[in-house]
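Q: Residue numbers (the numbering used here), protein chains in the order written: chain A, 1 to 427; chain B, 1 to 427.
For the record, the hints were derived by calculation from the structure and aren't laboratory data. Any given hint could turn out to be false.
Here are the computed distance ranges between Cβ atoms for each label pair [claimed, not checked]:
(1) 162(A) <-> 212(B): 47 to 55 Å
(2) 257(A) <-> 240(B): 52 to 60 Å
(3) 115(A) <-> 203(B): 19 to 27 Å
(4) 266(B) <-> 223(A): 33 to 41 Å
(5) 122(A) <-> 240(B): 47 to 55 Å
All C-beta atoms in this analysis are idealised placements derived from N, C-alpha and C, irrespective of residue type, glycine included.
Protein chains: 2
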Amino acid sequence: MEATTLVATLKATLVAVGSEMVTPFRVDTNSLHVTERLNAIGYGVESKVVVADDRAAIVRVLRAAVGTVDLIVCTGGLGPTEDDLTREALAELLGAPLEVDEAILDGIRARFAKRGLEMPVINRRQAMVPRGASVVPNTFGTAPGLWAEAEGTQIALLPGPPREMAPMLDALIASRIRSGPGGGLFRRVLKVTGRTESDVDAVAEPIYGPWSRAHPPISTTILAVLGQIELHLTVPAASRLEADQKLDPAIEALRQALGDAVYSVDGRGLEQVVGDLLAARHVTIAVAESCTGGLLASRLTDVPGSSSYFDRGMVCYSNEAKITLLGVSRETLAQHGAVSEPVAHEMAAGVRDRAGTTIGVGVTGIAGPGGATDTKPVGTVAIAVVAPDERLNRTFRFAGPREQIKYQAAQAALNLVRLLLLGRAAR
Amino acid sequence: MEATTLVATLKATLVAVGSEMVTPFRVDTNSLHVTERLNAIGYGVESKVVVADDRAAIVRVLRAAVGTVDLIVCTGGLGPTEDDLTREALAELLGAPLEVDEAILDGIRARFAKRGLEMPVINRRQAMVPRGASVVPNTFGTAPGLWAEAEGTQIALLPGPPREMAPMLDALIASRIRSGPGGGLFRRVLKVTGRTESDVDAVAEPIYGPWSRAHPPISTTILAVLGQIELHLTVPAASRLEADQKLDPAIEALRQALGDAVYSVDGRGLEQVVGDLLAARHVTIAVAESCTGGLLASRLTDVPGSSSYFDRGMVCYSNEAKITLLGVSRETLAQHGAVSEPVAHEMAAGVRDRAGTTIGVGVTGIAGPGGATDTKPVGTVAIAVVAPDERLNRTFRFAGPREQIKYQAAQAALNLVRLLLLGRAAR
Chain A
1 MEATTLVATL
11 KATLVAVGSE
21 MVTPFRVDTN
31 SLHVTERLNA
41 IGYGVESKVV
51 VADDRAAIVR
61 VLRAAVGTVD
71 LIVCTGGLGP
81 TEDDLTREAL
91 AELLGAPLEV
101 DEAILDGIRA
111 RFAKRGLEMP
121 VINRRQAMVP
131 RGASVVPNTF
141 GTAPGLWAEA
151 EGTQIALLPG
161 PPREMAPMLD
171 ALIASRIRSG
181 PGGGLFRRVL
191 KVTGRTESDV
201 DAVAEPIYGP
211 WSRAHPPIST
221 TILAVLGQIE
231 LHLTVPAASR
241 LEADQKLDPA
251 IEALRQALGD
261 AVYSVDGRGL
271 EQVVGDLLAA
281 RHVTIAVAES
291 CTGGLLASRL
301 TDVPGSSSYF
311 DRGMVCYSNE
321 AKITLLGVSR
331 ETLAQHGAVS
341 EPVAHEMAAG
351 VRDRAGTTIG
361 VGVTGIAGPG
371 GATDTKPVGT
381 VAIAVVAPDE
391 RLNRTFRFAG
401 PREQIKYQAA
411 QAALNLVRLL
421 LLGRAAR
Chain B
1 MEATTLVATL
11 KATLVAVGSE
21 MVTPFRVDTN
31 SLHVTERLNA
41 IGYGVESKVV
51 VADDRAAIVR
61 VLRAAVGTVD
71 LIVCTGGLGP
81 TEDDLTREAL
91 AELLGAPLEV
101 DEAILDGIRA
111 RFAKRGLEMP
121 VINRRQAMVP
131 RGASVVPNTF
141 GTAPGLWAEA
151 EGTQIALLPG
161 PPREMAPMLD
171 ALIASRIRSG
181 PGGGLFRRVL
191 KVTGRTESDV
201 DAVAEPIYGP
211 WSRAHPPIST
221 TILAVLGQIE
231 LHLTVPAASR
241 LEADQKLDPA
251 IEALRQALGD
261 AVYSVDGRGL
271 EQVVGDLLAA
281 RHVTIAVAES
291 CTGGLLASRL
301 TDVPGSSSYF
311 DRGMVCYSNE
321 AKITLLGVSR
331 ETLAQHGAVS
341 EPVAHEMAAG
351 VRDRAGTTIG
361 VGVTGIAGPG
371 GATDTKPVGT
381 VAIAVVAPDE
391 RLNRTFRFAG
401 PREQIKYQAA
411 QAALNLVRLL
421 LLGRAAR
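Excised from the complex, chain A in its bound form:
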């Protein structure tokens, strides 16, 4: 069912070199960016390898891929220290000697001179090039990249730091890397919240299922992420423009079927979608939080420019704070308990009144692991939104550890605000 294996005509193997990535602490993430870029010019990634700073191991990895894939993109191991062995490994693979490239050496010296420094002797290693390989200039660092071909496989060696690697990869795509004959793979992401994965799939599969057998096929992958479901649509096309012409009606068909549960088809996160709605309608907001502990305010204020619509957030853990700061009544607390829709409503109304904003939001719940009662287990969250002519209350039951419950509650609160702003929040 996977897009990459479905339609890619060319195959790539990605190699990341670095001992820090074979510890329990770091993963390779460069490969995500490289995959996206290569997919767009017709490569499917068949495998990705992370290998320690060990020359023999690097050679083994390269040798296993040469002759079996069309392209190897190798990142890392081009620095100036003795740990940096990718150049040597390529030379061994090619059976070619390493030679000093005087132009590179001059370039590195110039970089240091610019900062008033002399080039350390150690950096001389970065000017070594296996005979027969060519140099890929690096605008943002001292390590040049290398390019070679062997047994029909194109080989690109790029430095590890993303800000150096990414523009060098783009330059290679524009110049040396062969593109697939039919263009590449292009994606769009449709984001859904408030429904389960199986629920979304039951509605969406009858629509996207036939697309995989169409010409050209559109493949669909469902990813369940915390608090949301993503539908990734992939299509082969000659260009982004052509891809969008094919994907626009597909996106529209899914949006029709899934309705208001779809909050984004252009990559934006939920806090950005809500922020854009608030800004466009000149609506202001204030939030009162208990179990989310400030996360809702923090997500709203992650959006640049949020100060134009976000007035204040009150994190009221104690009942006393809810009473004195928000005007929640002792009676409501006693009668319904702190985790209840009436208290959430009084929190929302209280913060809205005090802030003088258009909208007020109240969130109260049990993030756990403590605090559960017989009738209210961990994960119970009541959320209220109050606007001039409208009020909404909902109770949710989220699963997972504390931080996941907080996140899902903030997500649900943002979604209620979105639905209210769209006028589609009728119970």
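Since the structure of chain A is provided, determine the placement of chain B on it from the hints.
A: Chain B alone, transformed into the frame defined by chain A:
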């Protein structure tokens, strides 16, 4: 400089099977856990491979590793669908036919029966075992693991879901996987905040440098993470206990040299360290935030049990909210500007007075991208902490995009609270 290559006696290759991990959206994370567990029994991970659901490609990956490493741990691709090809790939590698294992079949049937369901025909695939391989029971799912040996290489196939994979790996470590003769590699992490990576390295290197040449060697890796520096110490030892006996004095020496900048040597995050200090001293806290937008409150309340010391958080973006909710004076705002130590102090004092807590914290700054002035660039953040007999004010200048500035500011605020609680915050 890397621990793994320094002392491991046995070599492992980790393989993750799944087309979703060769897209631009997902990375393999199982390998981090597997690496930690294998390091502890004497294996260094030489390489990690992610491979698509493609039988020929999986066979190629396995074949490249067999005979060159002591152990292959392969996760994923053991499910019941046609995409799940790891069993078939192992059979091809071993040159052995796949045979139905009736005991497994009975077990899978029983799992379904327990839920009142009949086993779907498709699940029969999960009972196929290559002749000569043995079965690794799975307590938490239907996919059994497989175990084989070829050309001196041990091969473990485990399912992808972490909750199924982890206990099966532990069972194999306890039963079948050979341990290194000298035990394994064990780690401790020392976490530092408020100092730069080069600063930490300048102080720490003269201390840890000689350890790498000692017997047994202790290797040290510095990792710069947002808002903190981590020192990872690794030592070969027969057991965790023996490792700690070697690591305790090393940790202590670094702690002495780095002083109060070290906030954790036992894995705890900064919000947990601060929370534990607050709880142990029966001290309560309230926070007033501007640029961090609720993130400081959210991190404090990420800690289970934080309701015992965290009273409230006020997110006051507007000057008006600072004045009415916190009692910040118009004069101070006019004279010093909203981003200033005097305003941060009045925010801290104001929230403390109103909440009646022991400690108050105020944070005000420019998270960007807008809001900078000639004298106050993006990233300028003033933080104040007020306690019964003490007050602290600091101004920071953080780099990075909006969310990173928010995180670093929350980190700095937590650290000031920590230093104040330790009585070591004198300016």
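Q: Output the numbers, in ascending order, of every earlier hint that fails for this structure.
A: 1 and 5
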